[in-house]
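Chemist: One letter stands for each residue in the lines below.
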Amino acid sequence: MPDTLLDVADLRIHFPTSDGLVKAVDGISFSLERGQTLGIVGESGSGKSVTSLGIMGLHHGTNAQITGHIKLDGEELVGATPGRVRELRGSKMAMIFQDPLSSLHPYYTIGAQIAEAYLVHNQVGKKVAHKHAIDLLGRVGIPQPASRADDYPHQFSGGMRQRAMIAMALSCDPELLIADEPTTALDVTVQAQILDLIWDLQQEYHSAVIIITHDLGVVAELSDDILVMYAGRMAEYGSAEDTFDQPGHPYTWGLLASMPRIDEARLERLVPIKGTPPSLINVPSGCAFHPRCRYAGFTGGRSQTEVPELREVSPGHLAACHLTGDQRRKFRTELVLEETEASTARMTQGEA
Amino acid sequence: MTARAPAPHPVITFIVRRLIATVFLLIVVSMITFAIFFLLPRLAGQTTRGLASQYIGRNPTPAAVHAIEQQLGLDAPLPVQYGRFLRGIVLGEHFNAGTSKAYCPPPCFGYSFKNQQPVWPMMVSGLPVTISLAAGAAILWLVGGVAIGVISALRRGTLFDRFSMGVALAGVSLPIFFTGLIALELFSYKWPIFPNVQFVPFTQNPLLWARNLVLPWIVLAFLYAALYARLTRAGMLETMSEDYIRTARAKGLPERTVIFKHGLRAALTPIVTIFGMDIGLLLGGAILTEVTFSLHGLGLFTVEAIQNQDLPEILGVTLLAAFFIVIANLVVDVLYAVVDPRVRR
Ligand SMILES: Nc1ncnc2c1ncn2[C@@H]1O[C@H](COP(=O)(O)OP(=O)(O)OP(=O)(O)O)[C@@H](O)[C@H]1O
Ligand code: SF4
Ligand SMILES: [Mg+2]
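Protein chains in written order, with this note's numbering: chain U, 1 to 352; chain V, 1 to 345.
In isolation and in its complexed conformation, chain U is listed as follows (with noise of 0.2 Å):
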C-alpha cells in the first residue's frame, strides 16, 4: 500500500483583480508519498509558487480563492480553520524560499530565527530551542555552529543562509517540505551542494519534498516524479524517468530542449521556448500552449477550441495534448534528429 502523504485534487487558486480574474492555478492534481521527491518545473508564472504556498496556508488573508482539495496525512486543509493550518505549518509542513537573504529577518540572528520555529509547535525553553538550533545548523553543514548561530544573516555567505534555511525548516522534522526554487539565487558552485543536501536530508528523515524550478536539469536527478505546468495547469505529470526519455508534450519538449547540455559547454544556457508565457486572465482558448506550439495545426483545430484532458500516454504517465501516440512519436523523432544535427553542427563549428 502506499503511503500517501500528500493528495493534492483539482486544486483551483483564483485571485480576483481590477483587470479580471487571475487563474494562477487551474485545476492541478498529484499525490506524494513518504521519503519522496516530486518535480514542479514550468516557466516562470505559471502557477508553481502559487501551488506550493496554497498547500502551505499561506495565502489567507488574500483575496485569494481556494477550490479543491489538499489532503494530508489524511486531512483536508482547503477549508480548514487558519489556526489549524497554522499548526501544521512548520511542523507537519515547512518550506524554504528561491531568495535566502531576504527571507531571513535582517534584525534577528540565525539561531534566534531557528529557535523560533522549534518554540513555537514545542513546549521547551529557550535554552534547549537554542542548542536545537546549534545542532541543526551543525546538521545542515554549517561549521562552527555554536557560534555561528550567534551571527545575523548578513554575516552569512549566499549558500550558507540557504542552508540555515533549511535549517529552520527542518525544525520540528516536517513530514513535508517544500523548496521553491532553492538554489535560483545561489551561485553555480552552491547550487549543487544545497540539492545534495536536501537529498541528503531527505534520507534521513524520511520525508516528503517538492522541489520546484525552471530547471529540468535541477529535477532530473532527485525527482522520483515530474510535473509540468504550463498557465497553472498540469502539462505532463510522470515518473522523472518517463518524463525524460518520452515526454509526451510538445511544452516538455521545449523544456528538454532547452536544459543545459554537459556534453556541450555553450555559453547560452538557454534556448527558450519561443513566444512569451500566456497571461492568466485571458487563458488563450482549446490549449493555452497553442499560439507557441508548432504542433498546433496538426489536431484539426482541436488545439485552439478544445482543452485537452490529461490522458495517459504511457501507465501512470499524463500528458494534456491533442497528438495522437502516432503524431508525438514521429515530431519527437524529427526533434531529436534536428537537435543532434543542430549540435554536431555547433561543435564543429567549435572546433574549426
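Be aware that a few hints might be false.
[Stated by the list, open to error] Calculated from the model, a selection of chain U residues having no Cβ within reach of chain V, i.e. all distances over 10 Å: (1) ALA117; (2) VAL190; (3) SER343.
[Stated by the list, open to error] These stretches of chain U come out as covered by chain V in the derived footprint (C-beta under 8 Å, 3 or more residues): (4) 29 to 38; (5) 81 to 95.
[What the hints assert, rightly or not] Label pairs and their calculated CB-CB ranges: (6) ARG211/V / ASP150/U: 45 to 53 Å; (7) ASP150/U / ARG18/V: 21 to 29 Å; (8) ARG211/V / GLN144/U: 57 to 65 Å; (9) ARG329/U / ARG155/V: 54 to 62 Å; (10) VAL124/V / LYS127/U: 46 to 54 Å; (11) VAL124/U / ALA135/V: 37 to 45 Å.
Hint data in this document are derived by calculation from the structure and do not stem from the laboratory. Just so it is clear, CB atoms sit at the ideal spot from N, CA and C, and this is done for glycine as well.
Could you slot chain V with the ligands onto chain U? The hints should help.
Modeler: What follows is chain V with the ligands alone, placed relative to chain U:
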C-alpha cells in the same frame, strides 16, 4: 597560558567610538557657534563697541559699554576669546560691568547684563517646564502615532484608515499656533476641562502637573503624531510584504507575533532615527507651544532673549540647543546600532 580578555560586545565598542566622536563634535559645534556670535558681526562691519553695547542690552551708558568691551576682551583675537569662554564654563568668571560687579559661577555660559544674572541658572530654571512638555508630548506622539499607523496599515482602506489618515494630513499641515489656540478656546474657556494652564512642578503636585500639561502635550504631540502615523503606516505596509514575513508565517507563528515581532520590529527602525532627530529639534516646537500656552520654559526664554536682543542669552540657548541635537544624534546612533545589527561594524 594567560586568559585573554573577551572581546567587548560590538555594541559597546560602537558606543565608545561614537562617544569620543561626540566630544569632538561638541567642541567643533561650540567653536562654530562662538564664531557666529563673535566673528560674524565684526565681519559685517560691527565695531567692538557696537558689539559690546548689544551685550548690555538696550540703552547702555558709554561707560558700561566700555567696561564690557574691556571685560570681555572683545578686541582680543578670537581664539583667546574662545579660550576665555571655555574657561568660564569650567571655572566660572568675574564680570565687571563698571557700575555693577558680578560673579558668574561655573558652568558659566555667559552673563546677561540686561537681566543682571548669569545665563545658565536662568536656562536651568526653564528646563523642567520644557522637559516636562517635551517628554510627555514625545511619549504621546510616539505611542499614539505608531499605534494609529499600525492599525491603519493592517486595516488598509477601511473607514478607520481613511479617517485617521485624513486627520493626520490635517495634523501635519496645521500650525501649533492654530491648534493651540483652538484647544485653549474649546477646552479651557468654552468647556473648562483644563482651566488656567500653568506649570506646576512635578515634585509639588504630580496630578496637577499632568492635568495642566494635557492640552500643551496634545497640541505639540498632534503635529508629530500625524507624521508618525503616516510613517508607521507606510513602513508597516512595506515590511508586511517582505519575504521574511512570509517566512515567519511559514514557521507557523501566530499572526500577532508575525505583526509585532517581525513586522513592527523592522518598520520601527527608521522611526527610531526620526524620533531621535525630532527630540533634538524639539525646542522649535516647544517655543511655539510655550508661547501659545504662556509656559515659562526654555522656549519662552528664547523668545524673550531674542526680543531683548540679549546676546549672551541667545548664545547660551543656541549652545544648549546645539548640545541637545548632538546628544540626540548620539542616542539615535546608539539606538540604531541596538536595533539594526547591520549598522555595527
Ligand atoms: N495575490 C495575487 N494576486 C493576483 N495575482 C497573483 C497573486 N499571486 C500570484 N499571482 C499571479 O499568479 C501567477 C503565478 O505566479 P507564481 O508566483 O505562482 O509563478 P511561478 O510559477 O512561481 O513563477 P516563478 O518561476 O517566476 O517563481 C503570476 O502571474 C502572478 O502574477
Ligand atoms: S494540444 Fe495542440 S497546442 Fe497543445 S501541446 Fe498539444 S499540439 Fe500543442
Ligand atoms: Mg515562484
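Chemist: Determine for every hint whether it applies to the structure shown.
Modeler: Against the structure, the hints come out as follows:
| no. | hint | verdict |
| --- | --- | --- |
| 1 | ALA117 | violated (4 Å) |
| 2 | VAL190 | holds (19 Å) |
| 3 | SER343 | holds (39 Å) |
| 4 | 29 to 38 | violated (count 0) |
| 5 | 81 to 95 | holds (count 8) |
| 6 | ARG211/V / ASP150/U: 45 to 53 Å | holds (48 Å) |
| 7 | ASP150/U / ARG18/V: 21 to 29 Å | holds (23 Å) |
| 8 | ARG211/V / GLN144/U: 57 to 65 Å | holds (59 Å) |
| 9 | ARG329/U / ARG155/V: 54 to 62 Å | holds (59 Å) |
| 10 | VAL124/V / LYS127/U: 46 to 54 Å | holds (49 Å) |
| 11 | VAL124/U / ALA135/V: 37 to 45 Å | holds (41 Å) |
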